[in-house]
Structure formats: structure tokens, C-alpha cells
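Chains as they are written, first to last, in this note's numbering: chain A, 1 to 353; chain B, 1 to 353.
Calculated directly from the structure, the hints in this document are not laboratory data. Some hints could be false.
What the hints assert, rightly or not - As a list, the in silico DSBU-like pairs of lysine-lysine whose alpha-carbon atoms are at most 30 angstroms apart: (1) Lys23/A to Lys207/A; (2) Lys345/B to Lys329/B; (3) Lys118/A to Lys23/A; (4) Lys23/B to Lys23/A; (5) Lys329/B to Lys38/A; (6) Lys285/A to Lys328/A; (7) Lys174/B to Lys276/A; (8) Lys14/B to Lys210/A.
What the hints assert, rightly or not - Some residues of chain B that are not near chain A, with every Cβ distance over 10 angstroms (derived): (9) Trp40; (10) Ala199; (11) Asp332.
Predicted, not measured: the structure shown is a model, and the values here were computed from it. All residues carry an ideal CB built from backbone N, CA and C; glycine is no exception.
There are 2 protein chains.
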Amino acid sequence: MNIRIERAKNLKEKPEGALGFGKNFTDHMFVMDWSRDKGWYDERIIPYGPMVIDPVAMVLHYAQETFEGLKAYMGKDDNVYLFRPEMNARRFANSNRRMCMPEVPEDMFIEAISEIVKVEKSWIPTGEGESLYIRPFMYANQSGLGVDEADSYRFMIVLCPVGAYYPQGVNPVKIYVEDELTRTTVGGTGFVKCGGNYAGSLAGQVKAQKLGYTQVLWLDGVHRKYVEEVGSMNAMFLVNDTVITAPIEGTVLAGVTRDSIISLLKSWGYKVEERKIEIDELIEKGKSGELKEAWGTGTAAVISPIGELFYKGDKVEINDFETGELTKKLYDTLTGIQWGNIEDKYNWRKIVK
Amino acid sequence: MNIRIERAKNLKEKPEGALGFGKNFTDHMFVMDWSRDKGWYDERIIPYGPMVIDPVAMVLHYAQETFEGLKAYMGKDDNVYLFRPEMNARRFANSNRRMCMPEVPEDMFIEAISEIVKVEKSWIPTGEGESLYIRPFMYANQSGLGVDEADSYRFMIVLCPVGAYYPQGVNPVKIYVEDELTRTTVGGTGFVKCGGNYAGSLAGQVKAQKLGYTQVLWLDGVHRKYVEEVGSMNAMFLVNDTVITAPIEGTVLAGVTRDSIISLLKSWGYKVEERKIEIDELIEKGKSGELKEAWGTGTAAVISPIGELFYKGDKVEINDFETGELTKKLYDTLTGIQWGNIEDKYNWRKIVK
């Protein structure tokens with residue numbers, strides 16, 4: 001790629017105090033356009049700022065849009081690190097295939113991320129648990145109201161310094177098991193990061209929050225009994241000494257954190273079952289005390305302990321609403337690797353060169 | 001409402017020849033903003049043109065977006081007519097409730113449409129089958145990457161003169177029955193007009209078109225056997241002397257054309273069954289000759305005859321791939337009422353005052 005760089009004339013003040021998630025954006029952004037004739041063209045890093053969009057840009061009507069999420073970490077060696085960016089590149093290509101959108105080749109995807117991160121190196125925060133969140137995204141910007149593949153798309157990357165995703169930190173959260181609304185089925189879009197999944201699941205999240213729960217646990221859309229995702233995270237359950245998590249079979253997102261956690265667990269000798277588990281079984285195991293720990297995994301929050309499940313009137317507390325030992329160890333190990341405080345046996349960290 | 005009108009300084013040339021669908025837009029558009037503090041505010045009719053959007057406007061990432069579609073017709077009495085706009089107003093409110101978006105009150109919705117249509121009266125085409133397509137739509141324009149209800153939304157209306165939706169006209173189309181990809185389930189968003197539904201179903205449409213079919217017929221996402229929608233239209237089947245169509249039970253869009261057609265059919269003495277019908281049964285009825293006619297209904301195309309169904313290797317031709325008598329009568333009657341050539345017994349037409 002031949003990336004043109006146009007530097008911002010006035011740089012923003014860096015935010016101070018708690019960073020939150022997705023609130024402050026850096027001085028520049030990466031933009032690249034695609035047309036059916038030209039393919040990808042005009043790759044550029046330009047000052048972050050508002051864009052022009054037509055009222056009938058197809059994305060505003062038919063939601064052809066996909067995204068990714070990963071983080072850059074400031075190493076103590078003053079190198080900048082990414083965590084398994086090739087996994088995001090592949091998943092993004094998968095998403096775009098399902099949504100009939102052109103793919104961004106893996107090497108271009110990673111090069112674009114590396115270049116914008118280098119330009120914004122001074123924005124990578126260095127406080128405890130802080131990192132630079134990277135949001136690649138793409139949308140149909142062709143004008144027109146016919147429902148069809150678009151002839152033009154825009155791919156962009158924006159960056160924001162982030163602290164912990166949940167303001168509560170790594171404390172356990174209460175989860176509402178949704179039994180009316182559904183998220184997806186095999187054959188749908190549940191396994192891809194497209195906007196429509198998030199828009200559709202918002203009603204469940206809002207309902208859960210109104211009832212005093214932090215997030216919603218989704219059941220499968222066909223039988224309404226198999227456990228799938230929690231909010232926008234993969235969900236894992238330690239039952240006796242086995243960790244159970246939903247399989248990647250077309251409904252659940254193939255989380256990078258999920259995959260990394262499974263590797264860690266296996267290396268520690270845990271049995272990991274990627275299988276369907278019925279909510280009734282899970283609630284039962286909760287009542288009998290066999291459900292020892294539970295947590296959600298995702299790039300933004302890394303690990304989020306689950307302290308309570310509510311399902312059809314049944315309330316189950318997990319590990320006395322304390323963060324479990326294994327949950328804590330997983331969080332410490334994975335963030336330790338990500339921030340460079342623990343040996344990276346798996347070669348997951350990639351230096352941004 | 002107190003709508004501010006800012007007239008365009010330079011008016012566009014009206015398009016000549018075949019209008020197509022969703023290609024040419026008029027000189028003005030209606031815009032109104034919503035914030036959690038103020039509610040709806042700054043309702044205005046301004047020159048049609050590009051807008052400014054932030055790269056992290058939530059709609060570009062999480063697809064909180066809904067829309068409607070209806071038409072304005074130029075009467076021979078020089079009055080402008082809408083067709084059952086209150087149905088669109090109600091459905092739009094339904095969509096927004098499901099998507100956790102603020103509602104546009106019914107009277108505001110209709111007033112906004114009426115005002116922009118009056119300003120653009122000269123754009124209403126008068127050729128055979130031509131009308132002014134009205135596209136109200138709404139999206140989350142708050143900046144930020146947290147997944148949550150937005151604090152600000154924009155509601156807009158754009159207009160485009162249209163001819164027939166399908167360039168082939170009211171000729172029968174070949175339909176591919178999709179047996180791998182799914183569209184929705186009860187508890188999902190299938191019954192609302194949100195962008196995500198259209199983005200998710202594009203893969204089915206593209207697949208069907210590659211195989212030589214015009215559109216896809218969706219089966220239910222749970223059992224994968226009950227007939228739901230065809231493309232973005234409701235589907236109806238004349239089996240012997242009974243018309244069968246999928247019920248409005250949470251997966252299928254409550255089409256205004258669907259509802260109107262059902263009223264016409266009942267008034268003519270036809271038995272109408274709003275019920276689940278298995279695709280196997282339908283294919284069987286097609287082979288035995290009991291499936292006399294089939295058609296899709298929607299605002300854009302009005303009625304689109306189905307001449308062939310393809311399902312898992314089985315091909316069924318309907319009415320010798322000719323537009324059926326009843327299909328033709330329905331099309332003529334409904335368009336006759338819409339364009340004011342037939343008595344409007346149901347008081348469906350509303351004069352734009």
C-alpha cells in the first residue's frame with residue numbers, strides 16, 4: 001500500500017482521568033475506498049473528523065456494515081504491541097463474505113492498522129489496564145435505494161484510548177437469561193461482526209438493564225434452550241473441573257479472547273468442551289454447586305466474571321458473587337501477556353514495526 | 001409542528017425516460033432531530049444534499065436504523081394522494097419500539113410527509129404506473145462506540161420519482177427457495193423494517209440471482225419448512241380457491257399492500273388463510289396443479305407474479321409461467337385505487353392538504 005499521510009494541524013489534548021470506552025478519539029484516522037471498477041484505492045491517514053454522507057447512502061437504509069475490534073499496548077520496552085491481529089483480519093474477511101462486501105486482504109488490514117497506530121503512538125495510554133482500542137469498520141456508501149450489493153464501500157480505522165470497558169472493573173456482574181427475544185440461528189449472521197446483530201440485540205440488553213442486570217445471556221434461536229453469547233461476549237462456564245463454552249457453529253462469534261482463553265486453559269490441564277449446554281442444565285449445576293465459576297470473554301472487557309444468572313424466575317448465584325480463582329488467573333495471565341508482563345509462549349504479541 | 005422551509009436555489013432537471021427505482025431524488029428533504037433532553041426538534045425542509053456524519057456515529061457501527069416506504073400519486077383532479085399513510089406511521093412506531101429508538105408520533109409522521117410532498121409536487125410523475133416514492137428513515141447519529149441506546153437520532157424523508165420496481169414489469173419471476181441461509185425467528189427483528197434485516201438477507205438474494213432467480217423465498221428460521229417472505233415482499237399463494245399467506249406472528253413484515261390485498265380478496269368472496277404453510281406442501285400442490293397462482297406484494301412493486309419455485313432440486317412452474325387472472329385483477333384493482341381510476345370504497349386514499 002502507498003498510504004498518503006495528511007497530518008492534523010491542531011492536535012487534541014489527551015484525556016485525563018478515567019478513560020472509559022469509546023469516548024475519546026485520536027487526531028487521525030485511516031480511510032480507504034473501494035469501487036467495483038477500481039477495487040481498493042486512495043488509502044490515506046487524515047485528520048480525524050466528520051465525513052460527508054449522502055442521505056441515501058445504502059448503509060443508512062440497509063445496514064451493510066461490518067467492524068472489528070482489537071487493541072494496541074505500550075510495551076515497557078517502548079515497543080507497541082498488537083494482540084493476534086491476524087485473527088481479526090481473518091474474521092473481518094469472514095464477516096465481509098457473509099455480508100456480500102469486498103474483503104480487505106489480510107496484509108493490507110494489518111498494514112493499515114500498524115501505520116495508523118504508529119502515527120498515533122503518543123495516544124497509547126500507559127496506566128493500569130489501559131490500551132488503545134482499534135476500530136476497523138466498513139460500510140456501503142453508494143447512493144441509491146435498490147436493495148443490492150453496493151458498488152462502493154469505505155473502510156476506515158479509528159482509535160480511542162480506553163480504560164476498563166465496564167466501569168465496575170473486573171467485579172462479577174448479574175446476567176439476565178433472555179427467554180423471549182432471540183438473536184440469531186444457524187444460517188443467519190450471528191457469527192459475524194455486522195451492525196445488524198448489535199441493533200437487534202439492543203432490546204434484550206435494555207430489558208435486562210431495566211430489571212437490574214448488567215447484560216443478557218442469549219439462548220439459541222431455534223430451541224431457545226442452548227446457551228450462546230452473553231451481551232457481546234463469549235460465555236464460559238466452569239462446571240466441576242471442565243470449562244464449557246458454546247461451539248463456533250454459525251451463531252456465536254469466533255472471539256479472539258475466547259480462542260486465547262481456551263489455549264491457556266488447555267495448557268493448564270483443564271478439560272474444555274466446546275459444546276451446546278442447556279440453560280436448564282446450567283441452572284441445575286448452579287443450584288447443586290457444580291457450576292463453580294462463569295465469565296464472559298471479549299476484546300473490550302477481556303474477562304468479565306458472572307456472579308448471578310436469572311432465568312424464568314430462578315436466580316442462581318455463582319461463587320458467592322465473588323470473582324473466581326480461575327477467572328482471576330485467566331484475567332491476570334491474558335492481560336499479563338497482552339501488556340508484556342508475562343512470557344508470551346504462544347507468540348501472540350506482534351510488534352508494530 | 002413548525003416546519004422551517006429553506007428552498008433550494010438551483011432546481012434539478014427532472015429525469016426523463018424510464019425512472020427505475022431509488023435512483024433520482026428530488027430537490028428537498030425533510031429533516032428532524034431528536035435528543036434525549038429535547039425530544040424532537042428543528043423540523044425543517046432543506047435542499048437535498050450530502051450530510052455530515054461522525055466516523056463513530058453509532059449507526060455506522062451498530063446499525064440502529066429503521067425506515068418506511070410509501071408513495072404519493074398525482075390524481076386526475078390535480079390532488080395529490082397518499083395510500084394508507086397511517087399504516088406506515090404505525091408500523092414505523094412499531095419498528096422503533098423494537099429497535100429501542102424514539103417514536104415519531106403518528107400525526108407528526110404524516111404531517112412531515114404531507115409537507116415535503118407538497119413542496120415537491122412538481123416531482124410527482126404522471127406516466128403509467130409512475131409515482132413519487134417516499135422514504136422516511138431514522139438512525140442513531142450519536143458519536144461513541146459503547147453498545148447502547150443512543151442519545152440522539154435523526155429522522156428524515158427523501159423522495160424519488162419511480163416507475164416499475166422490477167424492470168421486467170408485472171411479468172412472472174423465478175423464485176429460489178432458500179434452504180441454508182435464514183432470515184429471522186420469532187423474538188428477532190423480522191417483523192420490523194430495520195436495516196439489519198436487509199443486510200442479512202442480501203446473501204440469499206445474491207445466491208438466488210447467481211443461480212438465475214430473481215428473488216429468494218425465505219423459510220422460517222426454526223423449522224426451515226414454513227414459507228415466510230419472498231425477497232422484501234409478502235408472499236401469497238392461490239391453492240384451489242383459497243389464498244394462503246404467512247401470518248403476522250413476529251417474523252413477517254405487516255405489509256400495507258398485503259393487508260389491502262387481503263381486504264380485496266375477502267370482498268370478492270375468496271377464502272384467505274393467514275397461516276403457516278410448509279414448503280413441501282406448496283411444492284406438492286404445485287406439482288398436482290392445485291397451486292393456481294402465486295405472487296409477492298409490496299409497496300415498491302405492488303404485485304409481482306411468481307412463475308416458478310425452485311426448492312432443493314425440485315422445480316415447479318405456476319400457471320404456465322403466465323401472470324394469473326387473479327394476480328392481474330388484484331394488480332389492476334389495487335393500482336386502480338391507488339391512481340384514482342377505480343372507486344376507493346375503503347377510503348384508503350388520503351388527499352395531501
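What are the numbers of the hints that this structure violates, sorted from low to high?
4, 5, 7, 8, 10
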